[in-house]
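J.: Residue strings, one per chain:
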Amino acid sequence: MPGILIVEDNRELREMLKESLIRKRFTVQEAENGKDAIIHFKPGVTDLVVTDLIMPEEDGLKVIMTLREIKPSIKVIAISGGGKAGPASYLNMAKALGADAIYYKPFSVNEMIGKIEELLKIEQPL
Amino acid sequence: MKQEKDKTDLHSSLEFLSREKYYADHIFNNSRSMISVIDRDYVYVKVNTTFCKAHRGMADSIIGKSLSDVWGKETFSNSIKHNIDRCFGGATVKYEASFMTPQAGKRFFEVIFRPFPSDAGKITHLLAETFDITDLKLTEKIAIEKEEEFKKFETNLPIGFLRCRPDGRIIHGNKAFLVIMDCRSESSLYSTNLRDYYAEKEIFDMHVEELADSKPKSFGRVPLKTCKGKEIVCRISGFMALDESGNPSYFDFAFEDSSRELMLENRLLEAQKLETIGSLAGGIAHDFNNILATISGYSELLIEDLPGHSPLSEKVSKIQIAVNKARSLTNQILTFSRQVEQEKVPVSVYEVLRETIGFVKSAAPPSITIRSNYRDKQKFVFADPTQLFRVFLNLLTNAIQALEDKKGTITVTLAIEEGKKVRGDLNKVIVADEYILVTFRDTGRGMDQSLLRRIFEPFFTTREVGTGSGLGLSVVHGIVSEMDGSVLVSSEKGEGSVFYIYLPVYFDKARKPALHGRKKKLLFVTGNRHESRILSLGLESAGFEMTQSSEIKHFNKILAEPKTRPDIVIYMSEAEQIRIDDLISSFQKCGITPPCIIICDSNQDNSGEKLVNSGIISQQLVKPVSLKEIETAIQLSIKR
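Chain order of the listed sequences is A and B.
Using the numbering used here, the first residue of the first sequence is number 4, and each one after it goes up by one.
Using the numbering used here, the first residue of the second sequence is number -19, and each one after it goes up by one.
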């Protein structure tokens, strides 16, 4: 099954996402901040990354940029609960950096999983 | 001894008399005045040395000449002769005149003609004395000029100058003082005492005490009261002058109106405070959204885990409704702290305002009059129209609540202001050449200063606990600030309130850019014409072709006709004429299932929840929704 990396500093939310994705039989790795995500990123295992944007250490925008450099085909879903960096919002910047989908917290996890399946199916014709 | 002294005196007197003629000649010739003796034929018979020097001639060359020869015929007949004639009539004549002198050009003189009677008492000659008063005149002129210069300075500067007696009675006040103090005229000032202009009289007494050492002092900002009773703040400096015997003679004061400066400072302070609260509240809202996402996610997992018709499902969907309500709250906080996502499009303020007023009018009691005056209908701003709608709706709702006994008038005005003027009014960097100024004026109960200072703070409310979130005006502040606009308010207890919304103009209607490609057809199913028109305005600007329906027959007609058949349907949960079941059966009849988004109130039971789960409705949104959210939902639904 495709591998998904969850980058989220909020432990409860990360565990919820992990449980939801494991149910759908995805292989799940997790990181609690941007720095961890970048250090432990395994290009051969991870097909899609779900990342929060505002996090300690490296933020989500840095994660998107770095992972895209290492593996350009990687799919990205950005999630955020608000917060702004200057005049442009984080989610808009994530979009500009090429996030395939963006979600405002709180979001429907089923809807997000639907999106993940859609994104990964296109890339992996059987 | 005495005799001896008398002898000496007599001797001196005789000697003096013998030398009298010598002295007289000496005085005559060495006087600094020009002295001459003139006979009845207007001829000089004697002139002194000073006269000769002034005329660059010897006495002989002047004596025997007529005045007409010396001064010229014209001068003589115009300004000399009649004075001489009067003198020969027996009067001493004194006047001032200016003459051109060969030595020093134009000089000013004081001329005195004295009758010079002969021993027989007949006036045969006159004695003319001419003093050069040019230097005196010059000094006088400089003094007048100096005074005029000072007057100008005193009149033109916006600083009030005031002189008063030691007890405060006013002696003199300049124009600026009259203006600062709203006084009608300078004369009305004289009957007043400076002490009366002080808001706190003790401060005046303190100033007088401070100035007792007659050194000039500045007192900083002092609250004063004008003639009309208006409260102002002035920077005051003063000085006490002493008279010759060292007693206080008068006080001089300078007044600089710093009310505006103070107001701007306070406004800056308020803005900074709101900014701090904003980032704090925004941070909390952000953390809350993380928690809500966890709750919402687990409740979704829980629904999956429950068997098909478990009685627990209902309880879990209630958790989800609660999450949605909380989300709407965090969204409002984020809006205030300007951390919410907004999809901005060019939008006509006039259209949104008109729709909002229409919406409020239909809901407001008839005892309330809402007047509107649109001085512009062409200008667009760059905004999320649903957010703009919230701004206007909030302000109108507040205005209605401010009216006592639900009676009164609300006046809404839309006008255009020049950017330069806005900069002056707001004291902030302007981002556009023109601003739209929307003013909301109510005749309600008004607010006092302490209330005014806090109205934009989140969770601040004058209503009873539990009846309002206290987020209304903070949301207004957030949305308007996000648009690079400003909100100002002025109010007085019992006098009603005025809210001023400044929004930078994006462009004129004439410059509206054309949209490319085939527009997606969007059908709005709604019971509420006004609110959905706001949304439709925004979506239209974002490039959709909009149709609205609030009635089932009309709706079916649109569905049946291939030309009008929508690419997407948005259903507002308050649509009374079309129920959600009608919607679904119509879809089935026509054999089509366009993506359908449902928008419901946060306090409503989530009717769409099950439908979303069953896949008939593709997305469900909870009010307040932003244009951005709807657009994202549309994009996702269409892709599916």
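To be clear, the hints were calculated from the coordinates, so they are not data collected in a lab.
What you are looking at is a predicted structure, and each value in this text was computed from that prediction instead of being measured.
Every residue gets a Cβ at the ideal spot worked out from N, C-alpha and C, and that includes glycine.
One or more of the hints may lead you astray.
If you want the ones that stay clear, here's a sample from chain B, every Cβ over 10 Å from chain A, calculated [as the list claims (entries may be wrong)]: (1) A39; (2) F88; (3) A123; (4) D176; (5) V188; (6) Q252; (7) H266; (8) G277; (9) P287; (10) V303; (11) T310; (12) K387; (13) D428.
According to the in silico footprint, chain B covers these stretches of chain A (three or more CB under 8 Å from chain B) [said to hold, decoys possible]: (14) 5 to 16; (15) 20 to 26; (16) 108 to 118.
J.: Please go over all the hints and tell whether each is borne out by the structure.
T.: Hints, verified against the model:
| no. | hint | in the structure |
| --- | --- | --- |
| 1 | A39 | holds, 96 Å |
| 2 | F88 | holds, 74 Å |
| 3 | A123 | holds, 63 Å |
| 4 | D176 | holds, 52 Å |
| 5 | V188 | holds, 55 Å |
| 6 | Q252 | holds, 18 Å |
| 7 | H266 | violated, 5 Å |
| 8 | G277 | violated, 4 Å |
| 9 | P287 | holds, 16 Å |
| 10 | V303 | violated, 6 Å |
| 11 | T310 | violated, 7 Å |
| 12 | K387 | holds, 41 Å |
| 13 | D428 | holds, 34 Å |
| 14 | 5 to 16 | holds (count 3) |
| 15 | 20 to 26 | holds (count 4) |
| 16 | 108 to 118 | holds (count 9) |
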